[in-house]
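Chain by chain, the residues:
Protein chains: 2
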Amino acid sequence: MTLNLKNFFNPKNKMSKMGEYQELKHINGLEISSVSADLYGDGRDDMCLFYFPDGSNFAAVYTTSKVTSANINWNLKIKRHFVRALFVNTKNANAFTGRKGAHGLKEVANTLAKSLTIKSAQDPKGTKDTVKITDLLFASTGVIGEEYPYVKIKNRIPELVKKIKAEQNKFVWFKAATAIMTTDTRPKLAYEECKIGNKLIKISGIAKGSGMIAPNMATMLGFIFTDASIPSVFLKSILKKVVATTFNSITVDGDTSTNDMVSIFATGKANNSKIYNVLDPKLQDFEKALHTLSLNLAKQIVADGEGAKKFITINVIGASSVNMAKNVGFSIANSPLFKTAIAGEDPNWGRIAMAIGKAGENIVAHKLKIKIGDFLVAEESSVSKTYNEKDLREYMKWDSIKIEVNLNLGSSLYTVYTCDFTNDYIDINADYRN
Amino acid sequence: MTLNLKNFFNPKNKMSKMGEYQELKHINGLEISSVSADLYGDGRDDMCLFYFPDGSNFAAVYTTSKVTSANINWNLKIKRHFVRALFVNTKNANAFTGRKGAHGLKEVANTLAKSLTIKSAQDPKGTKDTVKITDLLFASTGVIGEEYPYVKIKNRIPELVKKIKAEQNKFVWFKAATAIMTTDTRPKLAYEECKIGNKLIKISGIAKGSGMIAPNMATMLGFIFTDASIPSVFLKSILKKVVATTFNSITVDGDTSTNDMVSIFATGKANNSKIYNVLDPKLQDFEKALHTLSLNLAKQIVADGEGAKKFITINVIGASSVNMAKNVGFSIANSPLFKTAIAGEDPNWGRIAMAIGKAGENIVAHKLKIKIGDFLVAEESSVSKTYNEKDLREYMKWDSIKIEVNLNLGSSLYTVYTCDFTNDYIDINADYRN
Chain F
1 MTLNLKNFFN
11 PKNKMSKMGE
21 YQELKHINGL
31 EISSVSADLY
41 GDGRDDMCLF
51 YFPDGSNFAA
61 VYTTSKVTSA
71 NINWNLKIKR
81 HFVRALFVNT
91 KNANAFTGRK
101 GAHGLKEVAN
111 TLAKSLTIKS
121 AQDPKGTKDT
131 VKITDLLFAS
141 TGVIGEEYPY
151 VKIKNRIPEL
161 VKKIKAEQNK
171 FVWFKAATAI
181 MTTDTRPKLA
191 YEECKIGNKL
201 IKISGIAKGS
211 GMIAPNMATM
221 LGFIFTDASI
231 PSVFLKSILK
241 KVVATTFNSI
251 TVDGDTSTND
261 MVSIFATGKA
271 NNSKIYNVLD
281 PKLQDFEKAL
291 HTLSLNLAKQ
301 IVADGEGAKK
311 FITINVIGAS
321 SVNMAKNVGF
331 SIANSPLFKT
341 AIAGEDPNWG
351 RIAMAIGKAG
361 ENIVAHKLKI
371 KIGDFLVAEE
381 SSVSKTYNEK
391 DLREYMKWDS
401 IKIEVNLNLG
411 SSLYTVYTCD
421 FTNDYIDINA
431 DYRN
Chain S
1 MTLNLKNFFN
11 PKNKMSKMGE
21 YQELKHINGL
31 EISSVSADLY
41 GDGRDDMCLF
51 YFPDGSNFAA
61 VYTTSKVTSA
71 NINWNLKIKR
81 HFVRALFVNT
91 KNANAFTGRK
101 GAHGLKEVAN
111 TLAKSLTIKS
121 AQDPKGTKDT
131 VKITDLLFAS
141 TGVIGEEYPY
151 VKIKNRIPEL
161 VKKIKAEQNK
171 FVWFKAATAI
181 MTTDTRPKLA
191 YEECKIGNKL
201 IKISGIAKGS
211 GMIAPNMATM
221 LGFIFTDASI
231 PSVFLKSILK
241 KVVATTFNSI
251 TVDGDTSTND
261 MVSIFATGKA
271 NNSKIYNVLD
281 PKLQDFEKAL
291 HTLSLNLAKQ
301 IVADGEGAKK
311 FITINVIGAS
321 SVNMAKNVGF
331 SIANSPLFKT
341 AIAGEDPNWG
351 RIAMAIGKAG
361 ENIVAHKLKI
371 KIGDFLVAEE
381 SSVSKTYNEK
391 DLREYMKWDS
401 IKIEVNLNLG
411 SSLYTVYTCD
421 FTNDYIDINA
431 DYRN
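Protein sequences, first through last, are from chains F and S. Quick note on numbering: this note's numbering labels position 185 of the first sequence as 185, and the sequence is numbered without any gaps. Quick note on numbering: this note's numbering labels position 73 of the second sequence as 73, and the sequence is numbered without any gaps.
No lab work stands behind these hints: they were computed from the structure. The reader is advised that the hints may include incorrect statements.
Intra- or inter-copy, both count: the list cannot distinguish identical chains.
Pairs of lysine to aspartate or glutamate, DMTMM-like flavour, derived with a Cα cap of 20 Å [as the list claims (entries may be wrong)]:
{"#": "1", "residue 1": "Lys128", "residue 2": "Asp38"}
{"#": "2", "residue 1": "Lys240", "residue 2": "Glu389"}
{"#": "3", "residue 1": "Lys152", "residue 2": "Asp45"}
{"#": "4", "residue 1": "Lys390", "residue 2": "Glu146"}
{"#": "5", "residue 1": "Lys309", "residue 2": "Asp427"}
{"#": "6", "residue 1": "Lys309", "residue 2": "Asp424"}
{"#": "7", "residue 1": "Lys390", "residue 2": "Asp129"}
{"#": "8", "residue 1": "Lys163", "residue 2": "Asp38"}
{"#": "9", "residue 1": "Lys371", "residue 2": "Glu147"}
{"#": "10", "residue 1": "Lys240", "residue 2": "Asp285"}
Just need the whole structure built from these sequences, with the hints factored in.
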């Protein structure tokens, strides 16, 4: 745990801005299992299965990287909108593993389909349908370029299937969220409820991510499960919209992974009235809840950024376009000089000005206003008249730092979340593979 | 000194690739002075004057940042192609200092013009022309947003002018190159000779830069002086071409400064035959020498990157365009995950693949070939058959690391130079202002 948990409940830190722990609840139509294939050599859980006995609608968004892992390539080929399971492994990304990696994944898929078919046949409530490999989705995270240990994984699948739990209490969720961790120091979980028509809808989500977190996701995995009944095409359109201002608004180090994936599964067990239109007002509450849950998970990822000691919110307002606001925000959030200044608790706003200047946007220097917390630090191309170094030094000690940049050019805005850049980041990443 | 100097002469480190020290020589028509205005509070030299008694042709390229310092704004307004002096101060960037910063700079300019006019009148060899403030160029580097200490600077100008030395030996150059340093751990100097027609031409150059070094320069100052006689418009066109593959091909942290400036001054004292055309074959040798000198200075800057322990050369070949090669090269060079792996002497080529993938270029994963040193590490979307972790671990201990990425899409190429990312970078930048 790199963030000081004591301070999580210090009111001056406004921790509600940094994501919150919530107790996750059971989602009807979902069953979970996690075991160890001993990929780390220390017996920790490293494989996790999300099983839908009666299948589930789903939607997913993937990394924008041109170098994608075997599992992302697999998922992209699944054209159907109804799946039976999602399998996740950590330690090995199965990326840049060529034909061997693709072959290994297929071996795992065959074994998993077979085991689930047997389970399904035995299940008194299940569909008894054969599970095909095209019913399966995969997520992997870990080291890139190392051989995919498919034999070790395959051998543990019978045990994984055997251990499937039909009910999720908070411990089952915690175990699953822990099984998908890599350099994460804590699991990320979020829960929301909403209504579709008169039906109560539950949404439980988990995520992992700590480094290589950049816009357009990162080595970031997000799995969201709901009992709502929503067609997959509508799920996709809502998910894309929600991700744009949640999972895609965070950055730890500007690096983007080969394995990013955020997906949502809707089992339909809540039996809400049928949705015929993505603009159906009945979906508004659901979209809002999904946004809250996604932002919560995204913030938990940033707060757990490798070596992070500070959570940083950068609000860019007054831009001519959302794109301009986004570019300026990420230019600040990804600047190593800015991030190290925050680590040093130094209100060096000159580096914010520098990062705004280098963003490549047509900003007008003398119109810029920069705030750190509630303190105006710069305006009219100069330090503000009310600048008080002592107050700012005090503010910089907080765990959660807010930066506001007003470009004074228009009315568009965008918020980026990031963390500081500390010695621990270097230590974690200097020899990550060992 | 962060780089191990012992290893500079270790042949396995191929140090010639990292820039070399050279003894700089006197340039006719140039006089130099450097003194302390005690801006650092420890008496080190922090102001430096380059004076041309008979004036000099010149050309300069500046930062692409939209937030520019007072001195850059000043220089951009100088429309003439003939100047009398360049004044440099460190410690304070005079950036984001508004009207007060511009006013302070003008005060300094007035004082300097007056002092130089008096000197000129007394000089038996000089032109005795009045020096006007529009004959002066300025460079500043240091903290952004702090009040420009123009009174301290002004007060020391008479002493600075009094100490002007008409002749430069290597010690004068060393003193000047040291006066312009900020977080640099050593001065950067380079020297080349060439011929224009039958005349020997001398070129002496100094530079500063250590952090905030990114393409399109950085807090990077480069001052190059030659006795060649070349019209300023031709100087400009040659300088721009040379900078594109030298000063603009380096990065320490991806950050770009408000104060970048590379300039060349040609005093004309070599009396070479008049140049009427920038494509004159007589200029080829000069352009080549200027390129060698600029690349040498640029490499010295990277080798002295804040906290750097490794010098990294990234050759991107087989690209469809130079732009593609450049984007891929900088995507690797600016990746914190790649840079920390190099710091940890970890041949984690998966991070190179990751950084190539996120560059936003249309690369084809299975065509990629990645080499570390002379070792092929990845091809056909997979680890290479000849991959040998032991050999690579040994190679990673070297001071100078070479990466080659073959995109196998075309014949364009670009080379980027950078350094690793260490704990020292964080320490240097966490509280830079104190």
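Results for each hint:
1. Lys128 to Asp38: Neither: 31 Å inside a copy, 84 Å across copies.
2. Lys240 to Glu389: neither (42 Å within a copy, 41 Å between copies)
3. Lys152 to Asp45: Within one copy only: 13 Å inside a chain, 64 Å across chains, cut-off 20 Å.
4. Lys390 to Glu146: between (50 Å within a copy, 15 Å between copies)
5. Lys309 to Asp427: So Lys309 and Asp427 pass the 20 Å test inside a copy (14 Å) and across (15 Å) alike.
6. Lys309 to Asp424: Both ways: Lys309 and Asp424 sit 9 Å apart in one copy and 18 Å across, limit 20 Å.
7. Lys390 to Asp129: neither (68 Å within a copy, 50 Å between copies)
8. Lys163 to Asp38: within (16 Å within a copy, 72 Å between copies)
9. Lys371 to Glu147: between (48 Å within a copy, 18 Å between copies)
10. Lys240 to Asp285: Answer is within; shortest intra-copy Cα gap is 16 Å, inter-copy 57 Å.
Violated hints, in rising order: 1, 2, 7; the structure is consistent with all others.
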